[in-house]
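Line by line, the protein sequences are chains L, S and X. Per this note's numbering, the very first residue in the first sequence carries number 1; after that it's consecutive. Per this note's numbering, the very first residue in the second sequence carries number 1001; after that it's consecutive. Per this note's numbering, the very first residue in the third sequence carries number 2001; after that it's consecutive.
Simulated from the structure, these hints should not be mistaken for lab results. Errors might be hidden in some of the hints.
Heads up, incomplete: computed chain S residues facing chain X, CB under 7 Å, no partners named [as the list claims (entries may be wrong)]: (1) A1165; (2) V1291; (3) P1295; (4) E1296; (5) I1300; (6) L1304; (7) V1306; (8) L1307; (9) Q1308; (10) R1310; (11) E1311; (12) P1314; (13) P1316; (14) V1319; (15) S1403.
Built from N, CA and C at the ideal position, the CB exists for glycine as well.
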Amino acid sequence: MVRSLHVVILYLLTHLGLIFFMFPSNIIASTQQGHWLPILIGIFVHVLFLHIYMKGLNYFPGENLISIFSGIGKGAVILLLVPVLLYFFIITLITVRAYSEIITLVFLSFTPLWAVTLLLLIVSTYVAKNGMETVLRTGLMLAIIFLPLFLFVFILSFQNVDWRYFNPVTPDLNFLTSRSYYESFFVFSGGFLFLGFVQPYFSYERKYIIFSALLLIPFFIFSVYIPILTLGQATASVTFLPFVVIADSINVSWLMFDRVTLFFLLSLISFMILYISLVMCKTILIINRYVPSIKPVHLLYILSSLLFFLCFLIPDWKDVEKLFWWNTLLRFYVFIAVPLSIYFWGVRKRKGKHETI
Amino acid sequence: MDPIVKEIRSILGENNDFFLQRDIVADSAVVLLCLDTLVDMQKTRVVLQKLTHGLLSQGTSTQDIWNVIGERKEGSSHKVISAIKEGKLVINIEGTNRCILFEPVSKMLNRSIDVSTNENVIKGALNSFNENIEINIGLLRKQIVSSQLTVNTFSIGNDIPKSLAILYINGKVDTKIVEKVKSLIEKNKKMDISNIQGLSKMFEFSTWDTISKFNSTELPYNASQSLKRGRVVLFIDQLPFAIILPNLLWDMFIVENDRNLPQPLMIALRCLRVIGMLIALISPGLYVALVAVNPEVLQIEIALSVLQSREGVPYPAIVEVLIMLVILELILEAIVRLPKSIGPAITMVGGIILGQAIVEAKLVSNLLIIILAATTIGNSTLIGAQNFTSIRIYKYLNVILASIFGVFGLVTGFVIICAHMASINTFGKSYLHINTGRSEY
Amino acid sequence: MKLFNKNVIYTFAILLITILPLTGCWDNKDINHRLLPVVLGVSKIENEYEVIINLPVSNAGKIESRIVSFKDKTIAKAIDTISRNLESRVDLLHVKLIIIERGAAEDGVKDIIGGFMRSREVSPKALVAISDEDINVLFSKLKDTIGLVGSTTVDFFEKNAGWDPDIALTRVWEVYRGIHSYTYDVAIPLIRSGDEFPMEQIGSAIVKNGKMVDQISPDETLLYNIFKGESSSGEIEVMEKATVRIVNNSIHHKGSFHNNQPFLKSKIKLKVVILETRGEPSLNEIKKELNQALSERFNIMILKTKENKADIFGIGQFFRRELTRKELKNWRTKYYTNLKMDIQFNVDIQNQGYLITS
Chain L
1 MVRSLHVVIL YLLTHLGLIF FMFPSNIIAS TQQGHWLPIL IGIFVHVLFL
51 HIYMKGLNYF PGENLISIFS GIGKGAVILL LVPVLLYFFI ITLITVRAYS
101 EIITLVFLSF TPLWAVTLLL LIVSTYVAKN GMETVLRTGL MLAIIFLPLF
151 LFVFILSFQN VDWRYFNPVT PDLNFLTSRS YYESFFVFSG GFLFLGFVQP
201 YFSYERKYII FSALLLIPFF IFSVYIPILT LGQATASVTF LPFVVIADSI
251 NVSWLMFDRV TLFFLLSLIS FMILYISLVM CKTILIINRY VPSIKPVHLL
301 YILSSLLFFL CFLIPDWKDV EKLFWWNTLL RFYVFIAVPL SIYFWGVRKR
351 KGKHETI
Chain S
1001 MDPIVKEIRS ILGENNDFFL QRDIVADSAV VLLCLDTLVD MQKTRVVLQK
1051 LTHGLLSQGT STQDIWNVIG ERKEGSSHKV ISAIKEGKLV INIEGTNRCI
1101 LFEPVSKMLN RSIDVSTNEN VIKGALNSFN ENIEINIGLL RKQIVSSQLT
1151 VNTFSIGNDI PKSLAILYIN GKVDTKIVEK VKSLIEKNKK MDISNIQGLS
1201 KMFEFSTWDT ISKFNSTELP YNASQSLKRG RVVLFIDQLP FAIILPNLLW
1251 DMFIVENDRN LPQPLMIALR CLRVIGMLIA LISPGLYVAL VAVNPEVLQI
1301 EIALSVLQSR EGVPYPAIVE VLIMLVILEL ILEAIVRLPK SIGPAITMVG
1351 GIILGQAIVE AKLVSNLLII ILAATTIGNS TLIGAQNFTS IRIYKYLNVI
1401 LASIFGVFGL VTGFVIICAH MASINTFGKS YLHINTGRSE Y
Chain X
2001 MKLFNKNVIY TFAILLITIL PLTGCWDNKD INHRLLPVVL GVSKIENEYE
2051 VIINLPVSNA GKIESRIVSF KDKTIAKAID TISRNLESRV DLLHVKLIII
2101 ERGAAEDGVK DIIGGFMRSR EVSPKALVAI SDEDINVLFS KLKDTIGLVG
2151 STTVDFFEKN AGWDPDIALT RVWEVYRGIH SYTYDVAIPL IRSGDEFPME
2201 QIGSAIVKNG KMVDQISPDE TLLYNIFKGE SSSGEIEVME KATVRIVNNS
2251 IHHKGSFHNN QPFLKSKIKL KVVILETRGE PSLNEIKKEL NQALSERFNI
2301 MILKTKENKA DIFGIGQFFR RELTRKELKN WRTKYYTNLK MDIQFNVDIQ
2351 NQGYLITS
C-alpha cells in the first residue's frame, strides 16, 4: 500500500476536482429521472477501461507510454500518440479557461479573466517545472491539508436533503441520445492516462487503483444526487452549477465562517491546479521525445504562453461548450483506443516471448 | 644552524610568539621550535625530559628514541611549517636536516563542555558541542558505542587549512549519499570553508535555495539519533555544532527529546507544531483576504467588529499588514543582537509600542495585533533556527497573493510553497522523504 | 558577467510579468469601505421595485443603523443607484433577511427570488418574510425599537435565539424550489410591527409557485411545522383547559394510489408535557380534547390549501413512486384536490411537571 500511495492519491484528487463542477449539470440535463443509470454506466465503462489499461501496462514493466508506442513502430506513434498529444493540449486549454471562468463567477467578480488565467497558468507551470515526481509529491502534501476540509463540507451538504426526491427510480433511456451525457464523460476519461507516465518514478499495485476507483463511486453518485435530492429535478436543471448553489445554502451556525462554499471550492481548485500541471508534464514529455533539441523547461514556458494567448480567443462560455463538444469525439477515440491497443500489444509481446522460448 | 631551521625562521621569524631554543634532549643537541601561544613550553619540556630519560635508562638508542617520540620528517620545510602552525613542537636534531614532530602539552584554549545556548532541552542530555573538532567526535563516540560508526577526516582549504570530519553508521546510511559526499569533498579540497554557505558551495548546491539542505544541531543526542536514522554528520573545526545532511521536512516538527514523553503526548505535541506552522503561514494572508477581498466569509458580528476596529486607519489592509510584519521582523532581529543588559528594556518598549500606542494612534487595527502575535507564536513552535527563518519568508508570498486574489490567492500561494518543498532533493533524496524504517515513501 | 546573461534575461522577464498584477487590485476593497446591510426590503409600486436597506454606520465607536430606500426598474439597479449616492459601495453579501411586501408577494416573487439566486451576492440561505404593512413604516418602527443593528432582526428567526415552532422558517432557495417544483410549495412567515412588540408574527403566507394566495394563523403554522418534524418546544393551548408543550414528535406516512385518487394515511405521535391548567381537567380529558382539536385544525388547513391548490405540506413527495413525472406536473391541479387524508394524532403526556393531575 505504501508504495503506491502517491499514485492513488493523485488519482483520487484529480477525479474529485473534475467531478464537482460540470458533471452534475451534464447528467441532470441529460435525463429527467433515474439518474443512477447513466452514472453507473459511466463508472462501469471507466473501471473496465482502467483495468484493461493497467493490465496492458503491466506487460511493459518500467516503461512509460511513449517508449511503448515508439517501440511498436511509427504507425502506432502517428495513430495513437499524436491524438493523445492533441487531446492533452485541448484538455488543458478547456480546463484552464473553464475553471478561470468559474472562479471569476463564484469568488472574484471584479477581477478580469486574464489575471485569474495568468495566476492559474503560472502556478501550474511552477508545479510542473520539476517533473512528474514533484507533481506526485505535491499531491500528497495537498491531500493532507485539503482533503479533510473537502470531506467536512461534503458531509455537511447532506443537511437539506429530502430522500423522497430519489423517486421515480425507473430510468429513462433517452439519455443515450443526449449530447450532454457524452460530454459528461470527460470526468471518466480525463484522469487515468497519467498511469502510463509514472512508471520510472513510482511503482504501484493495480489493486489499489481499482480500489480507489470504487471508493470514488459514492462521490460520483452524490455529486449528482445531492442537488436533485435538495432542489428537485425541475429546479436543479435550471441552475448552472448546482453543487455550488447547494454548498452556498449550507447553514452552519457554530462555525466562525459564514459561507463554507469558499473552502470547498478552493480545495477543489487546488486539486485542479495539480491536474493541469500533470497534463502539462505529460505533454512536455511527449514533445520532448520527438524534439529533443529544446530543453523541457523551455518547452513548458512556450506551452504556457501559448495556452494563455489561446484563452483570449475564447471570448465566452458558449465557445467553451463548443470546444467541449468537439473534444468529445477525440476523447472517446483516445479513451477506447489507447488501453485496447496497449493490451493487445502486450498480449502479443508475451505470446511472442513464449514462442521464441 | 641547519638550513631547515634557517628556512623556518625566515618564514615564521617575524611573529613575536615564535619560539626557538637550543636544548639537550636524549644526550643530543637539538633545536626546539614552536609557537609560544599554542604550546605550553614549561610543561612540555618537563614531559620531554622525563620521556627521553626513561627511554635512555632502559637502554634504547638515540635513533630509536627519535623514532618513538614523534614523527620524522626530512627535507621539506613545508610540512614542518604547517605542523608548527597547527601547534606541534618541532625538534630539530642539530647537524642534520631531520625534524621530529612531537605532540606537546597544548595551552588550554578550549571552552569546557557547556550547556547549549541556542537550543532548549526539556528532558534530555544537556551537554553541547564545542569548538574543538576532536571533543565533538569524542562526544559522539560516547553516544554511539558501535564499531559501525565510521569517522573520516579531511583537511580542506588552500590558504587556511581546516579539518572537516564526516561520520556515518555503516549499515544504516544511504551509501549513495556517502559516496557522493566523499567524492565532492575530494574534488573541492582546495576551497576555503568556514561556514555553512561555503559547505553548500563545496557540495555544489544552488546558492539561491531558501531551504537549507543542511540541518544543524548543538546537541550530541540529536546528532547521534540522526546518525542512527541513516544521515551523515559533518563537523567543521571551530564551529560548535554538528551539520546533518540531508535535511528533511519532518525535522521541523520532530525532535528526538520528544521520545522521553509518553507516546500520546508526543503525537499531540507534534500535531501542535504542525498547526503552529500552518497558522504562521496562513494567518496574515487570511486576514488580508477576509478583510479586503472576500468579507462574505466572516460572520456578520465579526465583520462589524472588524469594521469598527478599522475605523480611521488611513491605509488599506495590505499596507497595514506589511508594515506591521516588517516592524515585527525588526524587533525579532534586534532582540537577537542586543547584549543581555539592554535586551529586556527593548522588549518592553517593543511590546508597548506595538501593543498599545500603535493601536491608540489609529495606525493599525487591534485585530491585526492579535493575528501577528498568533503568527509569531506559531512560528516559534518550530524546531531549528533555520527552519524558523524559511517559514518567515513564505508568509509574505501568501500575503501578497491574498491581497490581489483573496482566499484563492492564499490557496495558490500554499500550492506554490508545497510544490517548492516537493521539488527540493539532496543527492536524490527528496525533501519530503519519510523514513519509517520498514518501508520508504 | 556578461550583460545578456541568461539569468539576467529571465529575471527581467519575471519582473515584468509580476508588474502586471500590480496594475489593479480589482477585488480588493477594505471592509470599512463597504456598507453591509443585513435586512433588505422589497416592495412593488406601479411596476417598479422599491428597495429598502439598513446600513450599519459606525458613529463614534458605536454602530447605528441608517435606513435608505430607492425605487427603480430592477432591484440590482436600485442598489447600484444607492451605492452611487453613498460614500461606500453597498455589498449585499451579508444580507440575512429579505422582507417582501404583501402586494409584491401577491404579484409574484419569481423575478425577485430569481434575481437573488442568479447574482450570487445574496446568499441562498437568507431568510424570507412577508410584511403585512407598508415596508417603510415597518423599517422605521424596527429602527426605533430594536435598532436594526447587526443580527438582532435575524435573531427573531434564529433557532438558537428567538425562534418558536409557531414561526415558519423559509430560505431563499426553498422559495426558489417552490417556484419550479411540481410538488413543493412554501409557507413564508408574515410579520407586522406591533404596538407591544417590535415584530409581531401574525402567521404565515401560503405561496404557490411564487405567488401569495392565502394566509394561515400561527396555530396552523405550528401544525405545518409538526408535519415537517420541526416542532420541539412548541406550545399548544387545549380548549381553554390547559396548555401543553411538545417535547418530541414522530410521524409515519403511508401513501397509496387507487383509481386516480391519492390516499394518505398519517400517524403523528406527540409527546407533551403539561405546563399550566385552568381548573382541574383530568389527563384523559386533556388527551382527548388535544387529539380532537389538532385533527380539526388540520382538516381545516387541508381544505384551505386544497382550495388554493397549494401543496405546502409537500404531500406530492409521497406519491413520486406511483406517478410518473408527466403526471406529477399536474399534481396540484388534478390530484391534490382529490386527495383523501386520514390523519391521526396520538398524544402521549410524558409528565406533568411538579404537580400531580389525576
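We went through each hint and held it up to the structure:
1. Of the supplied interface hints, the one on A1165 of chain S is violated, with its beta-carbon coming no nearer than about 35 Å to a beta-carbon of chain X, more than 7 Å.
2. For V1291 of chain S, the interface hint holds, the least distance from its beta-carbon to any beta-carbon of chain X being 5 Å, beneath 7 Å.
3. Annotation: P1295 of chain S was flagged as interfacial toward chain X, and the flag holds, the nearest CB pair being 5 Å apart, inside 7 Å.
4. Because the smallest distance between the Cβ of E1296 of chain S and any Cβ of chain X comes to about 4 Å, under 7 Å, the interface hint for this residue holds.
5. Interface hint at I1300 of chain S: satisfied, since its Cβ lies 5 Å from the closest Cβ of chain X, which is below the 7 Å cut-off.
6. The criterion of a C-beta within 7 Å of any C-beta in chain X is met by L1304 of chain S, whose closest approach is roughly 6 Å, and the hint holds.
7. Hint status for V1306 of chain S relative to chain X: holds, with the closest Cβ pair at about 6 Å, below 7 Å.
8. The interface hint given for L1307 of chain S holds, since its Cβ lies 5 Å from the closest Cβ of chain X, which is under the 7 Å cut-off.
9. Hint status for Q1308 of chain S: holds, given a least beta-carbon distance of 5 Å to chain X, under 7 Å.
10. A hinted interface residue such as R1310 of chain S counts as satisfied when its beta carbon comes closer than 7 Å to some beta carbon of chain X; here the least separation is about 4 Å, so the hint holds.
11. With a cut of 7 Å, the hint placing E1311 of chain S at the interface with chain X holds, because the nearest CB-to-CB distance is about 5 Å.
12. Restraint check, P1314 of chain S versus chain X: the minimum CB separation of about 11 Å is more than 7 Å; hint violated.
13. Because the smallest distance between the Cβ of P1316 of chain S and any Cβ of chain X comes to about 5 Å, under 7 Å, the interface hint for this residue holds.
14. The criterion of a C-beta within 7 Å of any C-beta in chain X is not met by V1319 of chain S, whose closest approach is roughly 10 Å, and the hint is violated.
15. For the restraint placing S1403 of chain S at the interface with chain X, the shortest Cβ-Cβ distance is roughly 6 Å, inside the 7 Å limit, so the hint holds.
In the structure shown, a violation is registered for the earlier hints numbered 1, 12, 14, in ascending order.
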